[in-house]
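*Asks:* Chain A is already provided as a structure; the job is to place chain B on it using the hints.
If you want the building blocks of each chain, they are given just below.
Protein chains: 2
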Amino acid sequence: MSEKIKKDLIRCRLCQEIKEGVYLKSYNLKVCLNCFLNFFKKRVEKTIEKFKMFDKKEKIAVAISGGKDSVALAKVLKDLGYNINLFHINTGIDDENYAENSEKAVKKFAEKENLPLKILNLKDEIKIDIKLAAKISKKEICGVCGMVKRYLLNREVKDFDVIVTGHTLDDEAGSLLSSLIFWKEFMKRQWPVLKEEESLKKRAKPLTLVFEKETKLFCEILKLPYNPQPCPLRGGPYLFFKNFIYTLEEEMPSSVLSFYKGFLKRKKEFKWEEKKIKLEPCQRCGYLTSAKICSFCRLKEKISNLL
Amino acid sequence: MSEKIKKDLIRCRLCQEIKEGVYLKSYNLKVCLNCFLNFFKKRVEKTIEKFKMFDKKEKIAVAISGGKDSVALAKVLKDLGYNINLFHINTGIDDENYAENSEKAVKKFAEKENLPLKILNLKDEIKIDIKLAAKISKKEICGVCGMVKRYLLNREVKDFDVIVTGHTLDDEAGSLLSSLIFWKEFMKRQWPVLKEEESLKKRAKPLTLVFEKETKLFCEILKLPYNPQPCPLRGGPYLFFKNFIYTLEEEMPSSVLSFYKGFLKRKKEFKWEEKKIKLEPCQRCGYLTSAKICSFCRLKEKISNLL
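In order, the protein sequence lines correspond to chains A and B. Throughout the first sequence, residue numbering follows numbering that gives the first Met the number 0, covering 0 to 306 in sequence. Throughout the second sequence, residue numbering follows numbering that gives the first Met the number 0, covering 0 to 306 in sequence.
To be clear, the hints were calculated from the coordinates, so they are not data collected in a lab.
When chains are identical, the list treats them as one kind, so a pair holds in a single copy or across two.
DMTMM-like cross-link-like pairs, simulated, lysine to aspartate or glutamate; straight-line CA separation at most 20 Å:
id : residue 1 : residue 2
1  : K138      : E250
2  : K187      : E279
3  : K183      : E250
4  : K183      : E268
5  : K267      : E184
6  : K291      : E196
7  : K187      : E268
8  : K194      : E48
9  : K77       : E57
10 : K55       : E112
Extracted from the complex, chain A is given alone in its bound form:
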């Protein structure tokens, strides 16, 4: 997935000079590497403004995994002058030294860019590793890992105004497709920004309109430290749909952009059955949840019963 975009000598359509550059077939645009950086930053800036995600006075917590997407996001936000702090959750995934390499990349990046960084350890929080946790909860690893990370992050950023994540167009279009295939209620909550709801911080996805191959190119041009390994535990339906989205864009350039933008434009036209998902505070920790006890507390209970 997200192959490298081939570099070549081109006439840049933005600065008109003949230089090393790339052809972005999704936009039918040839740009030199320097203009690409601006083009990328502007797309992110426009996304932030269009969806009224946050402004320069707000305190922003960037969830940084150490992969290309979250690293590119942190760099763009810093360069655009936003007030950001980095939060990394070490997943403890030791296959192929994944968690270790990710943490290293994040530390290197934070140091290079002189950004405040806080690191949490998932294993410290739930006492066991994520594979076992998934087995105990009888759920997919990716689902449990995501749930725990969201919970921890939300708890850690009390003094912040918003949590931003590096979800890209590939991610968003992939989950939209999956929601449409299974007609999941989740689609109701799918939007580039979700406002604060009691104990749930505001969340925003400023990379929602850029492709992963662009975040990769951005990191490479700027030689940003990032961990190029995909998570060794990833898989399942999520990956299946994301792969399809990738192939779709390769086969029919710009189709993914129009798919996702079409959804954003038409979402209000869907007249969903009014089964509104009601969120109430968890009886254990107060985190907003659709059940009596939130998934995180239920997982912790299951684990402590076993240990």
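*Replies:* For chain B alone, kept in the frame of chain A given last:
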């Protein structure tokens, strides 16, 4: 696509006997070959009844291409006691003798089943072959071929009550997916049956809830004559989405069924912008169209200007 379902010695869940049979993973069902035939027929019969497609008093025109789907459809309808006539349009596609082989299969089937058959030649009607027609109209071959076949069939069946086609779940889910990706208005008209509108005959798709691998198995068990060649000119987005649907079902059995059924169930919840497509009679031939002159007459005009 639509690979063979592997035959094996199984205990049939319907008749309980140990016999040669198949495992249908979409329904998590092991059935012997004989029970499969009944199972398949019943699914088609239920689809016809559920969507109130037609009854045994109506005169039915079956559009038969000679492929496994339309052949299976004609056989099921005959066995269920419907009053059917066959209509075959020879597409004139001579690559790999496709049109010739298809016509042969249809003739053999009609003779074997003692069914009335009418054959039309697409080339006689538009004077040129379909590849050239597609070039002239600057459209995809499949689109032009489909449009011409629909037009000719509609014209030929004046004395009939309904046209039925062999569109399968693979076809319908594929075009639904394509409509969702591009947010096409077409989705509004996507339904297993479309009622008569002035000059447009009622149309129905009784195979809308069965997979192509099932129509293939049905034909093979009964040794029905059909042309196993896929159309040598097929391709484009249609094939791309259909292939995805096939892979999706292989990866996540029954997901395609729930995708399409979910759409049927929720379609009424979509509150489309009320840009109702208004159909008016073509000024040349009277066929209902959304333009002043219908696509078929426009194509014929373009052709006669060139000849």
